[in-house]
Amino acid sequence: MTAFNDSTSTNAPRSPELSGAAGPFVEPKSGSESALQAVQIKRHFQIGNRELGVLFGVDMDLAPGEKLGLVGASGAGKSTLLHSLGLLDRPSSGKIRIEGIDAWALSPLDRARLRNHRIGFVFQMYHLLPELSAVENVILPGMIDPAGFLGLGGRKRRRELTEKASELLHSFGLGDRLKHRPSQLSGGEKQRVSIARALILDPPILIADEPTGNLDSATGQSILDIIFAEQERRLLSLLLVTHDGNVAERCDRVLHMVDGLMQSSESVAAEDAARVALEANEA
Amino acid sequence: MFRSFLSWRYLTQRRTNLIGIGGIFVAVSALILILSIMTGFLNEARSSIRGSLSDILVQPIQLERENGDRRLIPPSPDRLLAVIQADPRVDAASTHLVWPGIITQEGNNADRAIAFLGNSQMNDLPMVQIVGIDFEQEFSATNFREALSRAPTVDKGGRPRGRHVDNIDDPFALPASYKPESPKRLPVVLIGEQLFSRLGLRQGEVVQVATIIPQSDNNADALPTNNKKFVVGGTFRSGENEMDLERIYVELDPLQILIGDAREYSEILIRLKDYDADGIAFRDDLRHSVALMALVRGFTSEVKTWEEFRASLLGAIENERTLMAIMLSLVLVVAGFCIFAILSMMVTEKRRDIGILTAIGATPRGIMATFLLVAFWDALIGTILGAGAGVWAAYKIDPIERWLSDALGVQIFNREVYLFDHIPADVDPTAVALIVAGTFLCTLLFAALPAWSAARTDPIEALRYE
Ligand SMILES: Nc1ncnc2c1ncn2[C@@H]1O[C@H](COP(=O)(O)OP(=O)(O)OP(=O)(O)O)[C@@H](O)[C@H]1O
Ligand SMILES: [Mg+2]
Chain Y
0 MTAFNDSTST
10 NAPRSPELSG
20 AAGPFVEPKS
30 GSESALQAVQ
40 IKRHFQIGNR
50 ELGVLFGVDM
60 DLAPGEKLGL
70 VGASGAGKST
80 LLHSLGLLDR
90 PSSGKIRIEG
100 IDAWALSPLD
110 RARLRNHRIG
120 FVFQMYHLLP
130 ELSAVENVIL
140 PGMIDPAGFL
150 GLGGRKRRRE
160 LTEKASELLH
170 SFGLGDRLKH
180 RPSQLSGGEK
190 QRVSIARALI
200 LDPPILIADE
210 PTGNLDSATG
220 QSILDIIFAE
230 QERRLLSLLL
240 VTHDGNVAER
250 CDRVLHMVDG
260 LMQSSESVAA
270 EDAARVALEA
280 NEA
Chain B
0 MFRSFLSWRY
10 LTQRRTNLIG
20 IGGIFVAVSA
30 LILILSIMTG
40 FLNEARSSIR
50 GSLSDILVQP
60 IQLERENGDR
70 RLIPPSPDRL
80 LAVIQADPRV
90 DAASTHLVWP
100 GIITQEGNNA
110 DRAIAFLGNS
120 QMNDLPMVQI
130 VGIDFEQEFS
140 ATNFREALSR
150 APTVDKGGRP
160 RGRHVDNIDD
170 PFALPASYKP
180 ESPKRLPVVL
190 IGEQLFSRLG
200 LRQGEVVQVA
210 TIIPQSDNNA
220 DALPTNNKKF
230 VVGGTFRSGE
240 NEMDLERIYV
250 ELDPLQILIG
260 DAREYSEILI
270 RLKDYDADGI
280 AFRDDLRHSV
290 ALMALVRGFT
300 SEVKTWEEFR
310 ASLLGAIENE
320 RTLMAIMLSL
330 VLVVAGFCIF
340 AILSMMVTEK
350 RRDIGILTAI
360 GATPRGIMAT
370 FLLVAFWDAL
380 IGTILGAGAG
390 VWAAYKIDPI
400 ERWLSDALGV
410 QIFNREVYLF
420 DHIPADVDPT
430 AVALIVAGTF
440 LCTLLFAALP
450 AWSAARTDPI
460 EALRYE
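These protein sequence lines are chains Y and B, in that order.
Residue 26 in numbering that gives the first Met the number 0 sits at position 27 of the first sequence, with consecutive numbering throughout.
Residue 313 in numbering that gives the first Met the number 0 sits at position 314 of the second sequence, with consecutive numbering throughout.
For the record, the hints were derived by calculation from the structure and aren't laboratory data.
For glycine and all other residues, C-beta sits at the position ideal for the given N, C-alpha and C.
Accuracy of the hints is not assured; some may be wrong.
To be verified - The calculated lysine to aspartate or glutamate pairs, modelled on DMTMM-like cross-linking and capped at a C-alpha distance of 25 Å, are:
1. B/Lys155 - B/Glu400
2. B/Lys303 - B/Glu317
3. Y/Lys41 - B/Glu317
4. B/Lys303 - B/Glu241
5. Y/Lys163 - Y/Glu130
6. Y/Lys94 - B/Glu460
7. B/Lys227 - B/Asp283
8. B/Lys227 - B/Asp252
9. B/Lys227 - B/Glu204
10. Y/Lys178 - Y/Glu162
11. B/Lys303 - B/Asp90
12. Y/Lys94 - Y/Asp58
13. Y/Lys41 - B/Glu460
14. Y/Lys178 - B/Glu460
15. Y/Lys94 - B/Glu348
To be verified - Away from chain B, derived, C-beta distances all over 10 Å, residues of chain Y:
16. Ala104
17. Glu135
18. Asn245
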């Protein structure tokens, strides 16, 4: 919160036409008009015979092409929410809709397909496979066809994917690192590989959980530049968890999470109003 | 397709997999090699158990008496032989007169030797089975000719244990090395090479053969004995140790003289044209017809196939083979455990990868398949290399053994003990196929548990794990 208050207006939204389009989304949207929607998500963990509540009925809505920031203190439950949204962790109750589809009601295979094709996930810890080279890590989602049969038509597909991955890594400035193993890459380079992996199948939704959390600020900036540039280029629906107020500034909209609940939209609106007033004063 | 791609990568990047491949390799190659040698030994044993036997054996019980002193069975084999030879399935038949006896060298007192008969301390007394034959019949009905012409084994000093007869076409002719001491013409005896070498006999030497003569008089107080001189004509090597140690062959006439014309024959050996096809049917027919004609007493035990005759030994061999296979299969279980341990380790080590794969869209089934594939590659490489090495070693076991013996300075395979001049090894393709299939099954079975636990890994737990 303090970081957010420290923020200045230097990082204004970069795509006025998109932010303009995203502007009206104040009320939660329903149906296929939203890319990613959480309805009354609750999550508690069973620890021994004690029940630990983490999420207490979270509502959230990400419009197509929207850049949504999510901030909150450590332990507020941001990652837990993202895992539910990314179909990695089944919520105790509530619904996740991906492009209007109730994702946790699907079969495991269909859910795997959604994870594979519709959602790109970027982790704070990069999470690359150490045995694979950069380019192999990037093509991995393309090699997973949950319904596919072993290796059929694989060679051609793999060549196409490798070409596409190389291009992507080139455009991220990793043209000379294609064959490197993750252990031979710096943190920033690893995160760029992991962004390329998230985008290789052109998913409409990108979820990033503190992608700059392990990086120094300059490297972090370059990572964010890539994420926002790709968002703009691909009109991604972006959900970005961050601790950094400057980052939040670059989003169309910012949600605040406190102790497993979204801060009420009124208070957010009030803060927005305050910020607008501040900007107006400065202007 | 990420499954094969990734599993292959895991396989090549993880050193521990070499242990798994190595384990399977050793298990498969050892299993094939040992089973081949075992099969070779057993086959060799089987053929030596058959030894001097023909296909079908008729052994009438001749001492049965009924209605006072009347013998039920005709003492002459002629009628029986006529029945047998009339059958178109018969190739040849040979009459044997078999009698127990003792062989001693000249100068030793045969009577004294007989006095020790019942003394268990005298276990080096050369008790022998005297077999009276017509050699031409014997040559056509059994493999006696081969036994006579087979190269003798050599003892530690490199000397041959046996000595071929001068003329294989007339084995009972007096050898050229015989120096007659008296004008009386002596009959010739053919001696098993083991017995020959144990007694230190020479070709052309004169030996005494002593025996007991049966009495028709039940009241006889002592068993009359008889002995006769024979000239050693040469040796035979049947391949069966016991046979070569306990058997001597003579012609029918001198044996009948030796036993006082008590008996004309004791068994008939029959060689069939196609034993595998006709053996059982011929046996049954023969049982039937000889019983009808009262040529034998009609006990089924009197007409047998050679396999029935040696049933207990052959059964023991089969049993041994099965037992060996079961015991050796434990090696496969060990290899399976090896894979289990390695894969379990890998699944634990790769928890994070499993979470990542789930996050980018892999299904639990796909993850399970990935780890099963690692085991599959292990099994594939291990069995191919293992089967190749095992078969190769089985074919090259002799040079390998010789090289190893030289290198280690100990004799691994004692050719003296086994009476084989080579290590027998028969590669059975079915056995190899079974071993390979068994290895795959075993490996995948043991891999299933860790692969299943990988599939059940909670991706979030795996990703939080640092
Ligand atoms: N599998 C779990 N078992 C038990 N407790 C859990 C589990 N996962 C999360 N928690 C708890 O839920 C709470 C929220 O965790 P979460 O990782 O969502 O926070 P966060 O907002 O992402 O924090 P940070 O900013 O530090 O990443 C924490 O108190 C954590 O201990
Ligand atoms: Mg977190």
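### Query
Where does the structure disagree with the numbered hints, that is, which hint numbers, in rising order?
Hint check: 3, 7, 14, 15 and 17 fail, others pass.
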